[in-house]
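Given next are the chains, with one letter for each unit.
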Amino acid sequence: MNEELTEEEKEALKHIALKLETFEKHRGNLIPILQMVQNNLAYLPSEALKIVAQHLGIIESEVYGVATFYNQFRFHPPGKYPVKVCLGTACHVKAGDIILENFERKLEISDGETTPDREFSIERVACVGCCALAPVAIIDETVHGHMAPSKVEGLILRIKLQEEIEEREKKKNEPGQS
Amino acid sequence: MKIKTMGDLDKLREAGLKSLAPKQLKISISMSTCGHALGADILYHELVKEKAKQGLKISIGQTGCSGFCNLEPMAVLRLHGRPPLLYTQVTVKKVKRIIQDIKRKKITKQGLLCTIGSDSVSGEPDPALNNIPDYKEVSPFKDQHRRLLENCGIINPLSVSEYVAMEGYSALYKALYQMDPEVVVDEVIQSGLRGRGGAWFPTGIKWDMARKAQHKEKFVICNADEGDPGAFKDRTIMEGNPFKLFEGIVLAGYAIGSHQGLIYLREEYPHTYEFLNDAVYTAKRYGLLGKNILGSNFNFTLKIIRGGGSYVCGEETALMDSLEGEMGDPRLRPPFPIEKGLWERPTIVNNVETLANIPHIIEHGGESYAGIGTEKAKGTKILSVIGKIKQPGLYEVPLGTNLEHVIFNMAGGPLNGSQIKAVQVGSPFGNFLSGEKLDISLDPETLRSMGSMIGSGVIVVLNQDTCLVDILLHTLSFFVEESCGKCVPCREGVFQMKEIMTAIYEGRSTMEDLTSLHDIGGMIKDFALCALGGGAPSLILNGIRDFRKDFEAHITTGKCSWTS
Ligand SMILES: Cc1cc2nc3c(=O)[nH]c(=O)nc-3n(C[C@H](O)[C@H](O)[C@H](O)COP(=O)(O)O)c2cc1C
Ligand code: SF4
Ligand code: FES
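Protein chains in written order, with the working numbering: chain A, 37 to 214; chain B, 794 to 1357.
For the record, the hints were derived by calculation from the structure and aren't laboratory data. The beta-carbon is built from N, C-alpha and C at its ideal position, and this holds for glycine as well. Any given hint might turn out to be false.
[To be verified] Sample of chain A residues facing chain B (criterion: CB under 7 Å; computed from the structure):
id, residue
1, Q108
2, A162
3, C167
This is chain A alone, in the form it adopts within the complex (with noise of 0.2 Å):
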């Protein structure tokens, strides 16, 4: 949990402050809280425990303690773009395990890291409710069907090549340049 903030996170923090004086302070509303959180930060570092913590009133640990029991919380930076490999049983007997190695030989990392670059983490997930394409994968929220061994290859292309032709286009279009 002792990631340095980078600057961008640190605004977001401050957003996050003023977002936390719509919610009232009430015990019920911690996991709304904390999703809220989420959702600007993509995850929880201790500083935003911390003010959460401040904003009801509560113990740090309490909040943490919490958090942790939810598997949606994240508690170090995923990757830009999350892969999320669905383990249930649908994909489990359509060898979803072999669809998470695929990922996880492609990108050199585990399941539950994030790539040196920030890019790519990947995650487990239970049953994302899409079964009857086992096995599933899910990129940035876009749900992949009858996944196969040799698809993940050609999905992380896409992905870097959609991120260069972005930069190509930034770049264009960036005053000063011609």
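With the hints as your guide, set chain B with the ligands onto chain A.
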């Protein structure tokens, strides 16, 4: 526009009928989670572009999920004077071809699965539709009894008028104007409806107790945590016909005297969350939620809450902890939620599918509802058939339907003509039944008499390539991961069982380990606080009993003979 009178409802019904049988060509694309996964949004936008480019006189609409994700994206084509046509696995190319054909007064046959409700139009046989079956005759819809899913995939899920045209909101109108709350409860008792979330508790009895509980504040919680891996029936109802669910929830509120409802939604359904919020917004605009519902003096608000992604939070008491901002662990009972539930107020918790049954019961009466099903289990059940099966998906059938019939005649049998090795009804807790034991009635009593359960209706089909040690270990790992850790039998006992199972799987074990599993299982079975820890041992012990060969193969050869 707020609906206040019967006249308003009638007007809306007419508008809905027009929209369902439009004068000009209408193409509706199925736009739910699974449709998106297969490119429905691209299809939709291409269609919009094409319309502008060619100046086409067509309207473009959307539908929800019908329960067969692998046939997505689906499209419903509405042509004047003809029954709606259902196309499957539609692509941009195919849809352009369909439009071109229509200009030439032809109907594209490629990808056309069936007509929807052929008898609704003029009566004359239509030569252009020769040999096109009605959906009641064609797989995967044939033999289904789609009481709950009837509108899913057919109407625009966010259109109040289309839902009203399909009888929607007449039950609520009837209840609010003509029935006292206790009469509503009586009908539900009469219907024999039992909870579809897995425990099969009689819904009417729960409501009756909650109605009698004295408190000015009560809650209705709709359990949409849909945690059983392989289940997606609740998602399909919510994305395919959300107003049917809302109607059921408001009826529940009216029946027990509650004015606040909450839908506790599974965290893994981000698309559904956005969608339900749109639906709530629309329902409020029409006066179907909020103050003075349908012009009556009954008020009811509904909020959508996203869960935290924890399986135990599907258990009703843990769910309420979670809503109160705590870690979700099951509470000791009594007190029961109907006396002291959320924030210590009387609360009923009901599953999505349970609540979606209510409008039918109120509209047609409990007795009529009870006309199908078995002696003790009435109505239909949505089964989620998954695994090594030709046509996976949702099959809504009367309770008491034969399992073999569902697997072979409705879902097409095992993949690639292989043989069935085992079927798990009521996943994740139900036993794995061997392939020879499938000639049984699907109802809670029959499955209980076999030492198993029907649960929320997830049916996992496994063929000869599957290893039972592998799948049992997978299920056990799920339990260990999802255990809340509150009680020792589950925290320590189930964990130890998993360690032993892992050793067996990896070939580091002896036959004695099977005895240890028995001993541990026997010890912890009766002492776990909730069904998660309590259900794990029998699943494993029955697995050892019925699939001993797989265990012995692992122990004696030291490896799994099924994985390459
Ligand atoms: C571990 C566990 C998980 C559960 N998960 C769900 C769930 O995801 N959805 C659900 O409706 N019920 C679930 N239940 C059952 C609920 O506790 C409760 O019985 C149900 O919501 C009551 O509604 P019903 O009577 O309409 O079925 C679960 C129970 C246990 C023990
Ligand atoms: S059985 Fe398991 S999940 Fe249920 S209360 Fe005990 S520890 Fe928690
Ligand atoms: S098990 Fe993977 S989507 Fe349901």
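Quick check: which numbered hints come out false for this structure?
Violated: none.
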